[in-house]
Amino acid sequence: MRILVVEADSAKAKNIINALLEAGWSDVHEIAQVSGLEQSIAKHAPDIVLIDMANPDRDTLEHIGTVSDTKSRAVAMFVDQTDPHLTQAALAAGVSAYVVDGLQMNRIKSVIETAIARFQMMRQMQSELDAAKQALEDRKTIDRAKGIVMRRRGISEDAAYKLMRKAAMDQGRKVIDVAQALVTASDLLT
Amino acid sequence: MTRTVLNCGYVPLVDSAPLIIAKELGFAAEEGLDLNLVRQPSWSALRDMLALGHLDAAQMLSPMPVAMSLGLGGLPARIDNLMGLSANGTVFGVSTGLADALGAVPFGDPDALLAALGTRGPQPLRVGVPFPFSMHRLLLSYWTASTPDLQVEIVTVPPPRMADAVMQGHVDAFWVGEPWGSAIVGRGAGKILMAGRHVWGFAPEKVLAARHDWIVENPDTTCHLMRAVYQSARWLDVERNKPLAVEILGRSEHLNLAHEVIEPAITGILTLEQGGTPTKVDRFLTFHDHAASFPWRSQAAWIAAQLGVDAMGIAQAKRCFRTDLYRKYLGPVGADLPGASEKVEGAMRDVTAVASSRGQMILAPDAFFDGRTFDFDASNGE
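Note that the protein sequences, when read in sequence, are chains A and B.
Each residue of the first sequence is one higher than the last, beginning at 1 in the numbering used here.
Each residue of the second sequence is one higher than the last, beginning at 1 in the numbering used here.
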């Protein structure tokens with residue numbers, strides 16, 4: 001069974017491909033080039049195409065699935081022919097799969113399940129990474145704001161932070177929002 | 001009072017304006033709705049999210065509810081069109097190279113354009129469209145069908161990538177909604193040769209869609225959503241509101257587009273080629289006027305007929321355009337209601353007054369470029 005992974009981010013593509021190889025599928029290919037997707041699909045003639053739900057190129061795959069072109073193989077979205085639980089799981093994980101019409105459900109199910117598990121893992125890692133990045137950014141902003149208050153009022157770091165926290169509590173806002181406002185105002189005024 | 005949270009999917013385009021304005025100007029809040037606009041990366045993703053219940057409602061290309069209800073392509077689901085969000089608003093153009101080869105073709109003349117394209121030899125014309133089930137694709141097929149010698153290869157390209165596809169030579173021509181037509185011109189990649197309305201005078205473009213079952217289970221929310229969007233569309237079509245509309249849409253996190261690329265669609269003043277003089281296109285994009293939001297059943301029938309279904313399919317398509325809900329929910333808030341829910345599509349060459357609940361309403365010309373008319377009303381003998 002030939003599996004095609006459409007993914008521009010090569011690290012991400014490798015991650016999915018490795019998961020599929022580890023699970024025992026050997027005929028796995030990757031398409032990174034988004035232009036000319038139709039020709040690539042026709043060339044590889046895959047049985048299953050896996051693509052990130054967030055990828056706008058899904059609409060192009062959709063087109064290939066609806067036109068009857070002898071050069072490209074008919075692909076239908078797998079939700080057509082599978083159980084609703086699997087569909088919901090795929091949607092939640094952010095993976096969409098296109099499957100050649102008439103392929104046996106039991107043959108594709110394990111491929112999809114493997115892909116779902118890997119997408120979930122990557123999504124989890126991505127959101128943790130985003131959260132860590134955000135925390136670091138917030139920290140920088142709060143430090144800058146503290147510095148501004150310390151300089152302008154001639155108070156200690158601890159006192160500056162307490163002042164910002166009090167302002168936030170009084171206004172029902174977060175400390176980061178107060179800090180952001182301070183930094184913006186200070187940038188505008190200097 | 002707690003507001004009802006409503007998740008509504010959309011694709012960031014200028015004609016998402018009725019949804020964005022409904023939220024930003026508080027029309028939704030006035031109806032007791034917390035309108036949560038959920039951006040979607042593609043039309044297929046939006047369709048799946050709506051069909052599987054992750055979205056309550058969504059902006060859709062007008063052929064999508066028909067295609068889904070008929071089980072064509074992708075996920076079959078009973079999806080209804082509650083009301084129109086916009087009429088017209090798309091453009092057709094060709095790459096700069098092809099424009100040079102074609103020579104001078106007057107803007108907005110589909111016949112002259114067909115004749116010019118017919119002279120370019122036997123190789124097929126590759127045209128980029130946003131989605132198989134789009135008014136763009138249907139109008140392209142309808143328009144070019146009259147010239148069998150012209151071979152057309154339809155390629156689906158996500159609109160934000162259309163300019164690249166034109167520049168890299170993956171397509172020779174494009175049919176897109178704004179801001180992507182103006183974006184292609186702005187990059188010097190292509191030239192706009194006509195607007196969608198030159199092929200069909202008043203084509204339903206985007207619609208507000210929801211699952212049939214959801215509508216049955218949530219009559220109040222449906223009613224409030226339709227009223228909020230109706231007020232928003234009405235506000236958008238008031239001439240003096242347009243600069244403010246551009247301002248709000250430009251600032252909106254929902255679109256993330258610059259003012260300059262939003263303005264052409266809202267004002268109807270388009271730059272057709274790089275460095276060219278801006279041209280005013282009448283009725284380029286309409287949200288409310290001329291009953292733009294009324295989901296004419298005859299339009300559903302036209303779409304279904306273009307998709308090649310039989311009489312039963314056409315009848316089924318008509319049922320998913322909910323003129324009944326439009327009358328029931330929008331009549332009491334002052335919407336003018338046409339006397340009939342179907343019209344002979346293509347019959348009006350000029351602005352025409354028709355019978356309505358408040359006496360008369362003025363409809364825009366809805367003629368097709370080739371003068372054909374479509375009468376799908378069984379009682380009219382078709």
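FYI, nobody ran anything at the bench for these hints, they're computed from the structure.
Built from N, CA and C at the ideal position, the CB exists for glycine as well.
Treat each hint with caution, since some may be false.
Unchecked claim - Reference listing, derived: stretches of chain B covered by chain A, where coverage requires no fewer than 3 residues with Cβ under 8 Å from a Cβ of chain A:
#, stretch
1, 43–57
2, 153–159
What the hints assert, rightly or not - Anything over 12 Å on all C-beta distances counts as not near chain B; from chain A, calculated:
#, residue
3, Leu37
4, Ala90
5, Ala92
6, Gln134
Here's how the hints hold up against the structure:
| no. | hint | in the structure |
| --- | --- | --- |
| 1 | 43–57 | holds (count 7) |
| 2 | 153–159 | holds (count 5) |
| 3 | Leu37 | 9 Å, violated |
| 4 | Ala90 | 9 Å, violated |
| 5 | Ala92 | 9 Å, violated |
| 6 | Gln134 | 17 Å, holds |
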